[in-house]
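Just need the whole structure built from these sequences, with the hints factored in.
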Amino acid sequence: MASYFQKNMRLLRRKLEKQRKKFVSIEELSRAFNIPAHMLEQWQRDGEPSRGEAEKIANYFSRELGHEILIYDLICRDLASDPFFMDVLF
Numbered sequence: 024m025a026s027y028f029q030k031n032m033r034l035l036r037r038k039l040e041k042q043r044k045k046f047v048s049i050e051e052l053s054r055a056f057n058i059p060a061h062m063l064e065q066w067q068r069d070g071e072p073s074r075g076e077a078e079k080i081a082n083y084f085s086r087e088l089g090h091e092i093l094i095y096d097l098i099c100r101d102l103a104s105d106p107f108f109m110d111v112l113f
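Taking the working numbering, I'd label the letters of the sequence shown as residues 24 to 113.
Quick caveat, the hints were computed from the structure, so don't treat them as lab data. In this text, all values refer to a predicted model and were calculated from it rather than measured experimentally. A couple of the hints might just be wrong.
Claimed, not checked - The list that follows gives simulated cross-link-like pairs (lysine-lysine, DSBU-like), each with its CA atoms no further than 35 Å apart:
(1) Lys79 x Lys44
(2) Lys79 x Lys45
(3) Lys41 x Lys79
(4) Lys44 x Lys30
(5) Lys79 x Lys30
(6) Lys30 x Lys41
(7) Lys45 x Lys30
To be verified - Derived Cβ-Cβ restraints for the label pairs, each shown as a range:
(8) Asp105 x Lys79: 17 to 27 Å
(9) Met62 x Glu40: 14 to 24 Å
(10) Pro106 x Glu40: 15 to 25 Å
(11) Gly75 x Lys44: 25 to 35 Å
(12) Pro106 x His61: 30 to 40 Å
(13) Arg33 x Pro106: 17 to 27 Å
All residues carry an ideal CB built from backbone N, CA and C; glycine is no exception.
Right, dumping it as structure tokens:
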């Protein structure tokens, strides 16, 4: 399951960068999620957040991207199969 979270975080970050037309740093995401940057970096390498932390992340990306991201989608589903993300895959 953690591999989906890691892959989805990279995908969501790329989508946000493309939408904003600028680089989105871990520190910027950390401030937005109110989660320490070292925890985000660790989750990108291995592991996954708790339910509460995943909810913060999913809500942030839903709001910023204008596309509903559920906690389940973030942790248990490959978002690359969602047509909304096709523009950042190719």
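Legend entry - Structure versus earlier hints - violations, ascending order: No hint contradicted; all consistent.
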